[in-house]
Amino acid sequence: MSQKPSVIDVKGLTKVYGTTRALDSVSLQIGAGQIVGLLGPNGAGKTTLLHCLLGLLTPTSGTLTVFGHPMATHRWAVLPRMNFAAADADLPSNLTVQEILTLYARLYTVPAPRAVVATLMARTRLVPLASRLFGQLSAGERMRVKLAKAMLNQPALLLLDEPTLNLDPSMAEQMRQWLLGLHRQRPFTILLTSHNMVEVERFCERVLFLHRGRLLADGSPAAVLRQFGQPNLEALFLSIARGGELVDLGASQEVVG
Amino acid sequence: MKASATRIWAMVLRYGALHRRSLLRTFDVFFWPVLDLLVWGFVTVYIQRQAASQPAGSSPAFIGSTAGFLIGGMILWDLHYRAQQGMTISLMEEIWTRNIVNLLVTPLRRWEWLVATIVYGLGKVAVIALVLGSLAFGLYAFRLWDLGWGLVPLLIHLLLFAWAIGLVTAGCVIRFGYAAEVLIWGIPFLIQPFSAVFYPVAVLPEWLRPLALALPATYIFEDLRAALAGSPSIGWAHFLPLAALNGLYVLVGIAVFGWLFRTAQASGRLGHLGQD
Numbered sequence: 020m021s022q023k024p025s026v027i028d029v030k031g032l033t034k035v036y037g038t039t040r041a042l043d044s045v046s047l048q049i050g051a052g053q054i055v056g057l058l059g060p061n062g063a064g065k066t067t068l069l070h071c072l073l074g075l076l077t078p079t080s081g082t083l084t085v086f087g088h089p090m091a092t093h094r095w096a097v098l099p100r101m102n103f104a105a106a107d108a109d110l111p112s113n114l115t116v117q118e119i120l121t122l123y124a125r126l127y128t129v130p131a132p133r134a135v136v137a138t139l140m141a142r143t144r145l146v147p148l149a150s151r152l153f154g155q156l157s158a159g160e161r162m163r164v165k166l167a168k169a170m171l172n173q174p175a176l177l178l179l180d181e182p183t184l185n186l187d188p189s190m191a192e193q194m195r196q197w198l199l200g201l202h203r204q205r206p207f208t209i210l211l212t213s214h215n216m217v218e219v220e221r222f223c224e225r226v227l228f229l230h231r232g233r234l235l236a237d238g239s240p241a242a243v244l245r246q247f248g249q250p251n252l253e254a255l256f257l258s259i260a261r262g263g264e265l266v267d268l269g270a271s272q273e274v275v276g
Numbered sequence: 186m187k188a189s190a191t192r193i194w195a196m197v198l199r200y201g202a203l204h205r206r207s208l209l210r211t212f213d214v215f216f217w218p219v220l221d222l223l224v225w226g227f228v229t230v231y232i233q234r235q236a237a238s239q240p241a242g243s244s245p246a247f248i249g250s251t252a253g254f255l256i257g258g259m260i261l262w263d264l265h266y267r268a269q270q271g272m273t274i275s276l277m278e279e280i281w282t283r284n285i286v287n288l289l290v291t292p293l294r295r296w297e298w299l300v301a302t303i304v305y306g307l308g309k310v311a312v313i314a315l316v317l318g319s320l321a322f323g324l325y326a327f328r329l330w331d332l333g334w335g336l337v338p339l340l341i342h343l344l345l346f347a348w349a350i351g352l353v354t355a356g357c358v359i360r361f362g363y364a365a366e367v368l369i370w371g372i373p374f375l376i377q378p379f380s381a382v383f384y385p386v387a388v389l390p391e392w393l394r395p396l397a398l399a400l401p402a403t404y405i406f407e408d409l410r411a412a413l414a415g416s417p418s419i420g421w422a423h424f425l426p427l428a429a430l431n432g433l434y435v436l437v438g439i440a441v442f443g444w445l446f447r448t449a450q451a452s453g454r455l456g457h458l459g460q461d
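Respectively, the protein sequence lines represent chains A and B. Counted the way our numbering counts, the first sequence spans residues 20 to 276. Counted the way our numbering counts, the second sequence spans residues 186 to 461.
Derived contacts from chain B toward chain A, CB cut-off under 7 Å, selection only: (1) 283; (2) 287; (3) 290; (4) 291; (5) 293; (6) 451; (7) 453; (8) 456.
In case anyone wonders, no lab produced these hints; they're calculated from the structure. Cβ coordinates follow ideal geometry from the N, Cα and C atoms, glycine included.
Work out the full structure, taking the sequences as your base and the hints as a guide.
In structure tokens form, the structure reads like this:
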């Protein structure tokens, strides 16, 4: 897919829970600076893959390296260079926004944490919320804090799980523009899951489509749509989610459904 | 090493900030220990007065003179209990606030996190010891510090044992989440009857004594009683056997914590902590 050096390298990744194969021999590579959307219906294996990448989950088999380090054994060499934000992973409700960002800046051993936090809060327009408790913020404000937290260490790899889930369209667009602005200044790899297909088509240069633990499609949004003869990602998603037959028009001519 | 110290201190400040903001939470640190002290203190006063009011020779002489060990036992037990809780409640705090996944994917290492909970717990223990020691003196003329430097090894061993148990309960919290909450409150009380906190091991049925002797706390409270009865060798008599026993408990605690963490990692539980 890309000539850029590989940031994520996954080979034959499988995760089995009892009789369920949450991931089934998934192989993929993601290069430096790419913005990649990870798509699939609920239960497709997206969160499982993200958790494997974060080292929160031990795969049943297969290999997974990030920045050339195997996550299973060198997690601590990788974590300082990546970050994460998720709609369902909160921050301490009883700390203020400033305290949370300062705490995480210290955990990532960011030099001059207070100055970095001040700059980041100004960029994300969090200054008026600095002394508010996280638990008192609206869902949209919380996500802004989580995204600010995720940028504290200037990660080379950013994993986002439904980053705009609780944001109104205007705020979601602002966040995407903010991330794109940061990406233009300093290209870093972004892997995000989303159920907002319009967002993925506009934001991501590449999509990975997971279904029942298997990687169904991998390519640019346009290439994936051509591959399955669908007008847009929404139609492709609905077709898969509803269990309809999906004909791969690509080289393999594989029938999936 | 400097990075580790920065991360540990960040977590200590994080837990400390909770008290700065919540009066109720700070109040909770003192509330139960002070209530316990009042109950056991007045029981002690009652026993001492009863013993004093009896005609000479009609009640065992030791009752009046050593009833103070109830207060001493209560204070030391409370310090043990709070030290253990300091570790596990800190982890629960992250689960309650659904912050745990974000923490688990930072460079904060497990041991750094545990050290932070120990440092935070030590701070709480020091404050509780100061408050209870002062109250015990003010209300009951019980002077814990009369035990002298011998109290130091007793406290060290008591805290080591608390952290060994804390490691196991912390592992259970990581592995089972909310379901393990009951263990935080329950495990100390499971140990207490066999730890000779308020009565000597000799009181226990013979078949229970081996269990009591396998618990480091038993030696500590036996030593405390001996000291209050006037033994000059408080704290040092059992120091080496206690060190060996506590070392074993700490090693087992570390092994169990590591095993439960890896199990949570394999089962997928780790990434969903706080979401059930």
